[in-house]
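Q: Here the protein sequences line up with chains A and B, keeping their order. Residue numbers for the first sequence follow this note's numbering, beginning at 1 and rising by one. Residue numbers for the second sequence follow this note's numbering, beginning at 498 and rising by one.
Hints listed in this document are in silico derivations from the structure and should not be mistaken for laboratory results. All values reported here derive from a predicted model rather than from experimental measurement. C-beta: ideal position from N, C-alpha, C; glycine also. A couple of the hints might just be wrong.
With the Cβ distance kept under 7 Å, some of the chain B side facing chain A (calculated, not the full set) [said to hold, decoys possible]:
| # | residue |
| --- | --- |
| 1 | I565 |
| 2 | E566 |
| 3 | V634 |
| 4 | E637 |
| 5 | G652 |
| 6 | P653 |
| 7 | I656 |
| 8 | L668 |
| 9 | L671 |
| 10 | Y679 |
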Amino acid sequence: MIDNISWLAIYPEIVLLTMACVIALVDLGVHSVRRTGTYVLTLLTLAVVATLQAMYASSGNTFYGFGNMVVSDAMGNWLKCFATVAMMVTLVYGRPYAADRGMLRGGEMFTLAMFSLLGMFIMISGNNFLVIYLGLELLTLSSYALVALRRDNATATEAAMKYFVLGAMASGFLLYGLSMIYGATGSLDIGQVFKAINAGQIKHQVLVFGLVFVVAGLAFKLGVVPFHMWIPDVYQGAPTSVTLLIGGAPKLAAFAIAIRLLVDGLLPLAIDWQQMLAVLAIGSLLVGNLAAIMQTNLKRMLAYSTISQMGFVLLGLMSGVVNGNVDATAVENAYSASMFYVVTYVLTTLAAFGVILLLAREGFESEEISDFAGLNQRSPLYAGVMAVCLFSMAGIPPLVGFYAKLAVLQALVASGQGLYIALAVFAVIMSLIGAFYYLRVVKVMYFDAPLTASNVSAPADVRVVLTLNGALLLVLGLLPGGLMALCADAVVRALGT
Amino acid sequence: MGLLSLAIWVPIAFGVLLLAVGRDEHAPVVRWLALLGALIGFLVTLPLYSGFELGTAAMQFVEKASWIERFNVNYHLGVDGISFWFVPLTAFITVIVVIASWESITERVNQYMGAFLILSGLMIGVFTALDGMLFYVFFEATLIPMYLIIGIWGGPNKIYAAFKFFLYTLLGSLLMLIALIYLYNQSGGSFDIAAWHQLPLSRTAQTLLFFAFFAAFAVKVPMWPVHTWLPDVHVEAPTGGSAVLAAIMLKLGAYGFLRFSMPIAPDAAREWAWLMIALSLIAVIYVGLVAMVQKDMKKLVAYSSVAHMGFVTLGFFIFNDLGVSGGLVQMIAHGFVSGAMFLSIGVLYDRVHSREIAAYGGVVNTMPNFTAFALLFAMANCGLPGTAGFVGEWMVILGAVKANFWIGLAAATALIFGAAYTLWMFKRVYLGPVGNDHVKALTDIGSREFLVLALLAIAVLAMGLYPRPFTDVMDTSVAELLKHVALSKLN
Chain A
1 MIDNISWLAI YPEIVLLTMA CVIALVDLGV HSVRRTGTYV LTLLTLAVVA TLQAMYASSG
61 NTFYGFGNMV VSDAMGNWLK CFATVAMMVT LVYGRPYAAD RGMLRGGEMF TLAMFSLLGM
121 FIMISGNNFL VIYLGLELLT LSSYALVALR RDNATATEAA MKYFVLGAMA SGFLLYGLSM
181 IYGATGSLDI GQVFKAINAG QIKHQVLVFG LVFVVAGLAF KLGVVPFHMW IPDVYQGAPT
241 SVTLLIGGAP KLAAFAIAIR LLVDGLLPLA IDWQQMLAVL AIGSLLVGNL AAIMQTNLKR
301 MLAYSTISQM GFVLLGLMSG VVNGNVDATA VENAYSASMF YVVTYVLTTL AAFGVILLLA
361 REGFESEEIS DFAGLNQRSP LYAGVMAVCL FSMAGIPPLV GFYAKLAVLQ ALVASGQGLY
421 IALAVFAVIM SLIGAFYYLR VVKVMYFDAP LTASNVSAPA DVRVVLTLNG ALLLVLGLLP
481 GGLMALCADA VVRALGT
Chain B
498 MGLLSLAIWV PIAFGVLLLA VGRDEHAPVV RWLALLGALI GFLVTLPLYS GFELGTAAMQ
558 FVEKASWIER FNVNYHLGVD GISFWFVPLT AFITVIVVIA SWESITERVN QYMGAFLILS
618 GLMIGVFTAL DGMLFYVFFE ATLIPMYLII GIWGGPNKIY AAFKFFLYTL LGSLLMLIAL
678 IYLYNQSGGS FDIAAWHQLP LSRTAQTLLF FAFFAAFAVK VPMWPVHTWL PDVHVEAPTG
738 GSAVLAAIML KLGAYGFLRF SMPIAPDAAR EWAWLMIALS LIAVIYVGLV AMVQKDMKKL
798 VAYSSVAHMG FVTLGFFIFN DLGVSGGLVQ MIAHGFVSGA MFLSIGVLYD RVHSREIAAY
858 GGVVNTMPNF TAFALLFAMA NCGLPGTAGF VGEWMVILGA VKANFWIGLA AATALIFGAA
918 YTLWMFKRVY LGPVGNDHVK ALTDIGSREF LVLALLAIAV LAMGLYPRPF TDVMDTSVAE
978 LLKHVALSKL N
């Protein structure tokens, strides 16, 4: 069974795995405080992997390997490419912060980051329940260790414990649900499961019972209400560089497994899971936005904001199928809207945390909103980048976040269902509430007087990447067509088979 | 690049340039650069007038290119008689604001000037966009620079005002967004406004659309009872911000009624005209009375703006030539007059740092030249014949009488209130003996302030004495619009 195609499907993974091991060894010989050698080598590896993924993705072919265990398709490859780039950016932003806090005494951060990326790759390309589960575990185990990387810090350790306990529970949920479906359909292969359910011979109750647990597990990983409890604590407690690592690229992988499990595998049950997603989305929009208003800690506020943003992603995911009728246009609209949303969300999150990391100095975390007071006077550039992020998250045109919301709302309204249109109106009202707390941070940066007059300085790599990241948000806001078309094309190619 | 694109992007490009390179150490360079940008931005709008073809309601200077292919969104620009005058007006007011803020802004000059230039380009974009989504993007994007202008350079309660401005207007426009998406789906995947004009819609759909648009535009105009943000915002905004807000931003809402609400949902517009007329009359009469009791000059002018914009919406919803053209003329006239009023208050505020009417008295004794200008603008605000303020109000009242005598009577009566609050304020601030030491120490306007006020005075007088160029441009488009609105679109 293991033929050339099979190897071809996982070349990037092989490169990544090999290099992660090599870098772990090489790191033993690196003595620089900032781990420059390891850092450069990691970035180079990731750059190669990202290029490889982009080449796979732009060819647009779909093929399966290892007896349908893994799939290489346009959507997965683009997501992997974006995840790799996001990881590179995360490492660039996070390195000075980590170095100042003694997290670079060994090179674990880089190795663990690469392993978590490998986990994401496996999640994204998994075409089998167990493969997906293994990828997820690889990602989360690496993340637990990363959160606890500052082992002498009490809050970080506490966050790691919470993350571990809740994460393990979520994995248990997911696994339990998957085993139910396995029991009912007799297969772990996503394509087979789809066929078995579509044939209509299987008892609906058993499937829905399994589905509930699958959705709950996914909801944990995406961090949507009511499975969101870990998000604020972990976001706040983890070292900021690790918060970014958890809150950035993995969202792409979580989106991918949602598509793989719910759409590729369980689409015949769409009517059932759509209702669940609707409830989760409403809860997330409500709780995320309302709770964010009360936060004084920026990381915690962004955590709640993430919850509400994921609510939007769910709205996109649930609008693909109307009344159980699978319509190609609706599917394309809905899932490409979600994908665009997730991709732009990650891009925005990277820049926002980039600024937080930049302002943190040795012994000073800069994570309270008030720490940003008068940033505009200290550094117009970084204040500008942060403002662009915040306006984008609030969904104000001409920033990219607006088009993401637009695409999701359009998918909802296009369904023509009264309930969906009502959901669109609800989402819009919630984003008005959301605008308030984003604006409050802008207010602190622009309208308040600075507490310190010190200039903001940044290493050259951070400065360049952060500026590019901010500029990209603006450029994508003026010309969002390309990325939108890319997402639509990827979704069509991936789901067309 | 077409002329309209230039009118939009030249100021924005200069604004971005200022943000990128400006430092407070070389503020003079920044100011001159801003002036250059504003002037070029104004100059590129002049060929629009010479090239504008009268006698056709078709869109002119059309530019069209695909923008977001996936949603069939086009970069589609053009002007007709309805939108034409707002393009040069916006560019003109921007020049005025740049000159007027020359000395009063000393901190973060580049950001201030940059924000105004970008705002100018965005507002021209709103007036010229022929694609629903493009319109929305420009319409919303104006909030960002204005929010920053109010919040950074505003008065003591600036933060409250900035938030109120942003959230209040955002609420309205989000409902419009749903309406736009709905229209996109109904029209089979098009954001083309002209196509929407022809789209048959059921009565329910029209009613819902009408009120969704109403939410966006009524807040922006602002109409009673959603006008409460305007006085708060005006009081706190810096002089330039107030001037642009009153002169141009309010018109975005009124323009929206003509471009979206009336032609897209004509049946609903006719059905609900009584409500619009009632709200407009309340604005002119009740808000006029509210203006009379204000102690703060800026608040008074802000309420007077609400009342004057009430004439505009009144004119639109009586559905005749005189009314709609009158409303449009009133919009332009109010652009000049309210801009001038706020800049006059700014002149006083720069010297005394108070906006209280009671803090002044007898300004004419120390600032005779300035008082002459202020008198002219006050007269224009009351609608004295020969000034810009007269033409539009008179046309609207004539139109209203034609439609219904009692509406016309009510509107005409409101003119008296306008005269009352404006003249009473003028008397208390400018006339009489010197009120206090501050007034005694006042120095008359310098050449820069003279230039600003003189330019506006010329505009106010020119428009009052010879309004033909304005009405000529509008006539055909307005007639066409009314013909369209008179037809039912029910399916």
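Q: Work down the list of hints and note, for each, if the structure agrees.
A: The hints, checked one at a time:
Hint status for I565(B): holds, given a least beta-carbon distance of 4 Å to chain A, under 7 Å. Proximity of E566(B) to chain A holds as hinted, the smallest CB-CB distance being about 5 Å (cut-off 7 Å). Interface restraint check for V634(B): the shortest CB-CB distance to chain A comes to about 4 Å, inside 7 Å, so the restraint holds. Look at E637(B): its Cβ gets to within about 5 Å of chain A, closer than 7 Å, so that hint holds up.
Violation of the interface hint for G652(B) is found here, the shortest Cβ-Cβ separation to chain A being roughly 12 Å, above the 7 Å cut-off. Among the interface hints, the one on P653(B) is violated; its C-beta lies about 12 Å from the nearest C-beta in chain A, farther than the 7 Å criterion. About 6 Å separates the beta-carbon of I656(B) from the nearest beta-carbon of chain A, less than 7 Å, and the hint is met. Annotation: L668(B) was flagged as interfacial toward chain A, and the flag holds, the nearest CB pair being 5 Å apart, inside 7 Å.
The restraint placing L671(B) at the interface with chain A holds, with a minimum CB-CB distance near 5 Å, inside the 7 Å limit. Checking Y679(B) against chain A by beta carbon gives a least distance of about 6 Å; that is within 7 Å, so the hint holds.
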